Amino acid sequence: MRGLSGLGRRGRQLGTLAGLVVLCLLVTALTPHFLTVSNLLNVLQQTSINAVIAVGMTFVILSGGIDLSVGSLLALAGVALATALQAGMPVPVAVLVGLGVGGACGLVNGALVTLGRLPPFIATLGMMSVARGAALMFTEGRPVSGFGPGFRALATERVALVPVPVLVTLAVYLIAHFALARTRFGRYVYAIGGNEEAARLSGVPVRFHKAMVYGLSGLMSGLAAALLTARLNSAQPIAGIMYELDAIAATVIGGTSLLGGAGTIGGTLIGALVMGVLRNGLNLLGISSFLQQVVIGLVIVGAVLIDSLLKTPDRR
Amino acid sequence: MARNRTTALVALLALGAAACQRGAPAPDARPRVALVLKTLNSPFFIDMQKGAQEAAQRVGIDLVVQAAEREIDVDKQMQIIENLVQTGVKALLVTPSGSREVVPAIAKANAANIPVVVLDTRVDPAAAREAGVRIATFVGSDNYEGGRIAGEHLVAATGGKATVAILEGIPGHETGDSRMRGFKEAVAGAPGVKVVASQPANWERDLGFNVFQNMLQAHPAIDTVFACNDMMALGAVEAVAAAGRTGRIRVFGFDAVDDARKAIDQGTMVASVAQFPAEMGRVAVESAARLLKGESVPEDQTVRIELVTRAAAPAAPAAPPAAAGAR
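If you're matching them up, the sequences are chains A and B in order. Residue numbering for the first sequence follows the numbering used here, beginning at 6 and increasing consecutively. Residue numbering for the second sequence follows the numbering used here, beginning at 664 and increasing consecutively.
The following block holds chain A by itself, in its conformation from the complex (with noise of 0.2 angstroms):
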């Protein structure tokens, strides 16, 4: 459909891979402190945020929409969770709160794009700006921080040597695959995002399907927002400014067609340690910050490239 095959698409992921291991191979020869376990659970960790936001990012994109509001949906369901635990909710039902205002946000995304038939880039940049006013007025602008350990835990807590946030993550993108893949859900979201029209007339509730994506790509910034928030000790009013780029990145270095109904989950994953393991990597080898900018863009942009450039002669 996007010129790709069934087969392509798997070539696709494969390349992606064979990258991320070239990638960890050359990290490895330069520098004697990537391939050890710490470092290894490190990246892991620092992956997972962007990680988790990168799956609600991948469903929104292969639905032939767009999501900027994440890095602020991040923010406003980070500073509910966090006031809910300072008023002395128990930790589970903190979390729900965060999920909840990340999910309900997002359902307002869906309903606009939907009902108000606005641009998804229209109403998630006016969701961007709203949520983002929204927790800075909550807070007055200042962090919500210190709780208690239980809470902690999300973070600091280890199931056989493995952060908790990297076990919800891979539960996480388990269930996402397994929903793309397998069931009906995953199929309608492409049929939307490969052509919105002729899934319409095959009869796919389009319209409650759009919504639904967006509220997973809310909830989604609501469970990172409980990560992050948990990892500092400290939910931020003016957390995850420009996660969104993050998350797009990962989305399409995975090999995500930007205009939808192409893509997969596990290629998202792959995207999100690429960047993990270069920011990780430049840091190890201390390369200077602004040269780290430069190799990061420069990797997104080859990454589409290669993309583009493999399509073009299938189309013609």
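The hints are simulated quantities; they were obtained by calculation from the structure and are not laboratory data. From a predicted model like this one, the values you see are computed outputs, not experimental measurements. Just so you know, nobody snuck in bad clues.
Facing chain A, from chain B, some residues (calculated, C-beta under 8 angstroms):
| hint | residue |
| --- | --- |
| 1 | L703 |
| 2 | A730 |
| 3 | V737 |
| 4 | Q742 |
| 5 | L747 |
| 6 | T750 |
| 7 | R763 |
| 8 | A790 |
| 9 | I833 |
| 10 | P834 |
Pairwise CB distance ranges (calculated):
| hint | chain 1 | residue 1 | chain 2 | residue 2 | range |
| --- | --- | --- | --- | --- | --- |
| 11 | A | G138 | B | A881 | 14 to 20 angstroms |
| 12 | B | Q880 | A | M94 | 39 to 45 angstroms |
| 13 | A | E162 | B | R973 | 57 to 63 angstroms |
| 14 | A | L264 | B | R953 | 56 to 62 angstroms |
| 15 | B | G855 | A | S134 | 39 to 45 angstroms |
| 16 | A | V164 | B | R844 | 42 to 48 angstroms |
| 17 | B | G723 | A | L250 | 37 to 43 angstroms |
| 18 | B | R908 | A | G93 | 50 to 56 angstroms |
For lysine to aspartate or glutamate, the following DMTMM-like pairs were computed, each having C-alpha atoms within a straight-line distance of at most 25 angstroms:
| hint | chain 1 | residue 1 | chain 2 | residue 2 |
| --- | --- | --- | --- | --- |
| 19 | B | K847 | B | E867 |
| 20 | B | K739 | A | E145 |
| 21 | B | K771 | A | E162 |
| 22 | B | K847 | A | E145 |
Backbone N, C-alpha and C fix where the C-beta goes; we use that ideal spot for every residue, glycine too.
Based on the hints, put chain B in the right spot on chain A.
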């Protein structure tokens, strides 16, 4: 095909990055020490880096300098610290992006037995106590005192009559809060000095412009603005010019960066509180060197501050190393 190209691309990039890196001195026997700054795109931190690097040369330390892409990105700063701890640096020097949020990162350095020197922005004492983190020494200016001398200068220069607006830094930042407290305390003694507006402009020049422009709309009587850093003050200077009121509104800044010194020379700014970031960098590196030798350092090391005014400005470039070193 796809595989080969992606692989080749990543390989090329990484090699390129590594090649650029090879320009740096080869690994040596000198102890490796990390300096993690809030950002590298402000003259203040560039000066701090310069001072630190000069001192590192002198005392025989291999200094690695890193900063997040955005000053406010506390999670990226934490990642950088985690990654540097992995490389086994012998000491960590850090300017916290968040007074509380930096605490878990410091805890990780503590766990790896890496001594931590905090520069410029204090760690929130309550958060530090609660987490039980150890900080070897703090090196920075007394921001409260800086705000106070600016306030005193205003009272003295106006005979205690002024209508004041304040441009705050990022809310919740110890640095900006202390400067503002110092300033307010100093003018509180003069009943003729009224603070009519106080808004955050997040340390940024363009926000300083916009916020002050809006303040002037709401309060046309404003004749003085105290900005908690020079970037916001310089933004306010432009807003004053846009309103055609240059010379009639007193602009106070903080940091005395090069542009602010020029503005003071030209009379578009009244004064700025000079900090000496290069000296902070120097003292921090020297402290690290002493800690590595097992010597003790004072818990709190205050670096001098002074008010730069028009009378003082022409002489200034020669005096502080911070200004002389800037390009």
